[in-house]
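So for the sequence shown, our numbering puts the first residue at -17; every next one is plus one.
Take these hints with a grain of salt, some might be off.
Derived DEER-like restraints, expressed as beta-carbon distance ranges [stated by the list, open to error]:
#: 1; residue 1: Ser10; residue 2: Ala77; range: 35 to 41 Å
#: 2; residue 1: Glu90; residue 2: Pro66; range: 33 to 39 Å
#: 3; residue 1: Gln113; residue 2: Ser6; range: 42 to 48 Å
#: 4; residue 1: Met(-17); residue 2: Trp9; range: 27 to 33 Å
#: 5; residue 1: Ala(-11); residue 2: Asn33; range: 24 to 30 Å
#: 6; residue 1: Pro66; residue 2: Gln12; range: 23 to 29 Å
#: 7; residue 1: Pro8; residue 2: Pro82; range: 37 to 43 Å
#: 8; residue 1: Phe(-1); residue 2: Gly31; range: 27 to 33 Å
#: 9; residue 1: Pro87; residue 2: Arg14; range: 18 to 24 Å
In case anyone wonders, no lab produced these hints; they're calculated from the structure. Ideal Cβ positions, reconstructed from N, Cα and C, are used throughout, including at glycine.
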Amino acid sequence: MALVNPAIRARTVVEIFTATAGTSYPWSEQARAAARRLDFVAHAGLISGRNPPPAVLVVSGELDYPTSRADAHDLVPALQAGYPDTGRVRLSTIAGLEHPLAEPPGLEPAPPTPLARAVDRVVSEWFQANQPSPSCAARGVAGSAKFAHHGRAPSHRRRPASGCCSSQAES
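Kindly generate the complete structure, drawing on both the sequences and the hints.
Here is the structure:
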């Protein structure tokens, strides 16, 4: 999976939005509980504990919000702590990239910006290097292209056989 300038912690998203809007957010206990549930650094073990743990690329724009960049820098080692192969989790910083990938919307579609093309190149290279083996994709292992746009795999297909989709090529 690839996460580009992701919302890693709900609290960070709310802080960025309120600061940008010049407002504040009154954190109730219910809101704090929801923010704890939506803290992917705190819950990194839910991702790294999958069998097999998915390859994760976190792309962070050099000029993204500083707190979002800090969250990305926190998420990667939190994930790596639960991976037998830490190389399957990587942080990639795109120089000059702010939070949005596109220019402000207009009336006509615009071509991708040079920075959006740089993100596309980094993400494409990651997917090519970390794609599931053909046998895993054929069995419908979650994360294969078969399920990329259709939600979760059926529960009986989520847990592959031992060794499936490892970073090493299958014979």
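Outcome of the hint check:
Ser10 and Ala77 have their C-beta atoms about 40 Å apart, which keeps the hinted 35 to 41 Å range intact. Evaluation of the 33 to 39 Å hint for Glu90 and Pro66 yields a failure: the beta carbon distance comes to about 48 Å. For the hinted restraint 42 to 48 Å between Gln113 and Ser6, the CB-CB distance of approximately 45 Å keeps it satisfied. Judged by the Cβ atoms, the range 27 to 33 Å given for Met(-17) and Trp9 holds: they are separated by roughly 30 Å.
Separation of Ala(-11) from Asn33 is about 26 Å and conforms to the stated range, judged on CB atoms against 24 to 30 Å. For the pair Pro66 and Gln12, the beta carbons lie near 38 Å from each other, so the given range of 23 to 29 Å is not met. Hint check: Pro8 to Pro82, Cβ distance near 28 Å, so the stated range 37 to 43 Å is violated. Checked against the given bound of 27 to 33 Å, the beta carbons of Phe(-1) and Gly31, roughly 31 Å apart, stay inside it.
A hinted range of 18 to 24 Å is violated for the C-beta pair Pro87 and Arg14, which are about 34 Å apart.
Of the hints listed earlier, those the structure fails to meet are numbers 2, 6, 7 and 9, in rising order.
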